[in-house]
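Once you have looked at the hints, place chains B and C on chain A.
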Amino acid sequence: MSTVPDIAKDASTVPAFRVARSTRVHRFVLVVSVAIVVALASVPWWAEVSVARTMVTFFTLLALAQMWNLLAGYAGLVSIGQQAYIGLGAYGLWLIGDVLGLHPFIAVFAAGLLALAVALPVAPLIFRLRGGYFSIGTWVIAEIVRLVVSNIQATGGGSGKTVLSAARLPIDTRITGTYLLALFVAVGSILLVYFLLRSRTGLALTAIRDNDIAAQSSGVNVFRSKLFVWAVAAFVCGVIGAVVALNLLRIQPAAAFSINWTAYALFIVVIGGFGTIEGPLIGAVIYFALLQSLSQYGTLYMLLLGIVAVIMATVAPKGIWGFVEKRWNVRLFPVSRRLLIEAPPPDEEPEPAEETDVSVATSV
Amino acid sequence: MSGGSSERAVVLELKDVDVFYGDFQALFNVSFRVEEGMTFAFIGANGGGKSTLLRTIAGLQRPASGQVLFRGEPVDALAAHKRVGLGIALVPEGRRVFPSLTVYENLIIGAYGGRKGDWNIESVAELFPLLKPLMKRQASSLSGGEQQALAIGRALMSNPELLLLDEVSLGLAPVVIKRIYEAMVQLVGSGHTILVVEQDVGHVLTVADRVACFLEGRISLEGKPGDLTSEAITAAYFGM
Amino acid sequence: MTWANVVIQGILLGGLYALFATGLALVFGVMRMVNLAHGDLGILAAFVALFIVQSLGLPLGWATALTIAIMFLVGYALQRGLLNFTLGTDDTRPIVVTFGLSIIIQNALIMKFSADSQGLDAGRIENISIKVSEQLSVGWFPLIVFVIAIAVIAALEVFLARARLGRAFRATSDDREAAELMGINNRHIYSLAMAIALAIVAVAGILLAVRTTFDPTQGSFRLIYAFEAVIMGGMGSMWGTLAGGIILGVAQTVGTQAFGAGWGLVVGHLVFLTVLAVRPSGFLAKTVTA
Chain A
1 MSTVPDIAKD ASTVPAFRVA RSTRVHRFVL VVSVAIVVAL ASVPWWAEVS
51 VARTMVTFFT LLALAQMWNL LAGYAGLVSI GQQAYIGLGA YGLWLIGDVL
101 GLHPFIAVFA AGLLALAVAL PVAPLIFRLR GGYFSIGTWV IAEIVRLVVS
151 NIQATGGGSG KTVLSAARLP IDTRITGTYL LALFVAVGSI LLVYFLLRSR
201 TGLALTAIRD NDIAAQSSGV NVFRSKLFVW AVAAFVCGVI GAVVALNLLR
251 IQPAAAFSIN WTAYALFIVV IGGFGTIEGP LIGAVIYFAL LQSLSQYGTL
301 YMLLLGIVAV IMATVAPKGI WGFVEKRWNV RLFPVSRRLL IEAPPPDEEP
351 EPAEETDVSV ATSV
Chain B
1 MSGGSSERAV VLELKDVDVF YGDFQALFNV SFRVEEGMTF AFIGANGGGK
51 STLLRTIAGL QRPASGQVLF RGEPVDALAA HKRVGLGIAL VPEGRRVFPS
101 LTVYENLIIG AYGGRKGDWN IESVAELFPL LKPLMKRQAS SLSGGEQQAL
151 AIGRALMSNP ELLLLDEVSL GLAPVVIKRI YEAMVQLVGS GHTILVVEQD
201 VGHVLTVADR VACFLEGRIS LEGKPGDLTS EAITAAYFGM
Chain C
1 MTWANVVIQG ILLGGLYALF ATGLALVFGV MRMVNLAHGD LGILAAFVAL
51 FIVQSLGLPL GWATALTIAI MFLVGYALQR GLLNFTLGTD DTRPIVVTFG
101 LSIIIQNALI MKFSADSQGL DAGRIENISI KVSEQLSVGW FPLIVFVIAI
151 AVIAALEVFL ARARLGRAFR ATSDDREAAE LMGINNRHIY SLAMAIALAI
201 VAVAGILLAV RTTFDPTQGS FRLIYAFEAV IMGGMGSMWG TLAGGIILGV
251 AQTVGTQAFG AGWGLVVGHL VFLTVLAVRP SGFLAKTVTA
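Protein chains in written order, with my numbering: chain A, 1 to 364; chain B, 1 to 240; chain C, 1 to 290.
Chain A on its own, in the form it takes in the complex (with noise of 0.2 Å):
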């Protein structure tokens, strides 16, 4: 929970303005969120098989979103072309673990490489493209590996594959390991989020999202910036790719390669809200829960999401986080900077931030 140092210290004149980020909320987010992990991971040791593999697709899906909106919320990358590295990351656990021979836990990040190693050299061909064409372009990506997977017969052309050397670990093993994988990339997608964006290159992406050229003339490599958020997007999601693949144990390329994963992400982020990485956690809670009762209707389902995802982007395009934020004027998670002014310090330590900020919050 840092405090960036205050930049007039020396000034010692009144008031004194100090960049910071953190409060006493987030410290207690922090306890609350550690508890709710440790909880979370117990799981496994007392719950039914079907409550851990449901909760695998919850963090997969989770993931996938957050994912999603560091691309579409923070790089104004709006891809709706992550099954590529979802497909591929899927696929890449079968090659890895049982052509290569790797132990499939391990196999699971192997395949988030295999996934970075398509993403990289389309992206500067991609990145020629704006806006929605951009999005479409993502989406070639995506078919043209979806298309390369069903036409090899190694591959098991249309029919797929199954995951044998993850089929053969024993079944506690198997289900336990496999939670505790997604579990750990739901969290660390969240904390790589959040590191991210208290980088140098979240502050570059802020730039970039609010305006590209001036960014670009006040010394942000755009295209790096860019460039290191696709590729972390990609590796994670074919992470991603590979749990679901070790959950489900068979692989078929047009559920790998699915349109649809774009569409859950999209429609998680929509709902919870674009830019937040609170927004993507709501999010996924909503989703999850209206599937989990909604699902056997399918089609419908689908169908009502759409409506709900064009509603929302129309009227409301900062999603429930947006509303809560405004409405209650909370961060949970300290990623923008706060300009603060302060009485001048009495002593040495003064209080970590209150919620007097002046404006200038860089609010991401």
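No lab work stands behind these hints, which were simulated from the structure alone.
For clarity, every value in this text was computed on a predicted model and none was experimentally measured.
You may find that some hints are simply not true.
Claimed, not checked - Here are the simulated distance ranges between beta carbons:
# : chain 1 : residue 1 : chain 2 : residue 2 : range
1 : A       : V330      : C       : I150      : 52 to 62 Å
2 : A       : V51       : C       : I148      : 55 to 65 Å
3 : A       : F195      : B       : P74       : 49 to 59 Å
All residues carry an ideal CB built from backbone N, CA and C; glycine is no exception.
Here is chains B and C on its own, set in the frame of chain A:
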């Protein structure tokens, strides 16, 4: 102020207009009247709110409070494209001709939503003879002065009663500026009312019937050019 | 000479791709918006025509005319009532909304018509062909589709170049705000552009439906091909889009001939990526037509 002008009809009146860009207030409590057949000049430094004023009158910017009255009727509810039909035409800052359209097409489109009247391609070409040989050229290939003439001609095609000119001399050669100011005199002579905004005070004071200084979003001085001393103008211009 | 045959098939297929791409390019040109539901709207038109033929018993010609009119109105209403509100603030909103629209259309069609493949029957014309030589024959229907594509593009170009409204389209494309100062209501112009785009994609959707079978998920692929045609065409004019469509069509048929079924589409995509890579600069704004 002066007795003679009170008989003329008021074309434009602003009452206590405040305009914001987000949190930034660009205009503070701006009020003034423009009478028929008058050349009203706004001068002031860059960023003083002059362009915002013209954009507000044209309907591109909405006031947060206050009223814009055209011929006594409030026009605040009307979008920019509807105000053209009433007879308000803005020649925007930076000329903003349609680059991919030809000169001829730029002029034709000027009449799109305008009023019926005497202005047509021929009369515009008469006012700005330099446009005559350029009719088939793409507007993007024109020089700055040619583009400015085109932008004014395009606005005239809508047969405006009130012509709003935003920084029409900016970046142009003296000979071109001279021609544009001559044209302004001709236009007033033919019954148009002109509201002109300039950073460059020199020319505008020679044609203006009335001048107002703009400083940080407020009118800091208003009067007839002859009544205002250059010291007063300098003070109002720079805020000293 | 099967290769000549393959190339001709590809060229004719390219006409259909261009017809799908035209509306996408028009909408982008006028309002800088990429409609991700464009392909789905074309498929929707095919289903509307199918519904009219099956339920009202009208002949295909009348159904087509009616569908074009319906899609024109749908386009206007969609833009005026929904999409206009997503423009201007940031780039992501129209993308999200049109993507959501795509999901809505696909799933609504599945609910109403099932996910099964359907066909529109145009009668004998579908199966007759002109025999040029022993190895080379050209189907009448693909040829007609190609001619229709050229006619539609030519009409659109003439409209943009000559009509009063066409000029307003181009002026709005150049500078929205300056166009407003000319008395042009940009919201109306955007809505008309979308209306025309959907009228054209209705033609494309119905022709596709006659040519092959179709199902509710086809729209996605139509969007991708249309997009590739637009980008390869260079976004300068509608004729460029036709050229882009032809390149894609030929790449696909030649790819299929050379590498077998399934690889044709991959070759088409790879040709697209190659064009994207070798073009001198990015594909930022260009106006509707040169």
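Checklist entry - Which of the stated hints cannot be reconciled with the structure, identified by number in ascending sequence? => result Hints that this structure does not satisfy do not exist here, as all of them hold.
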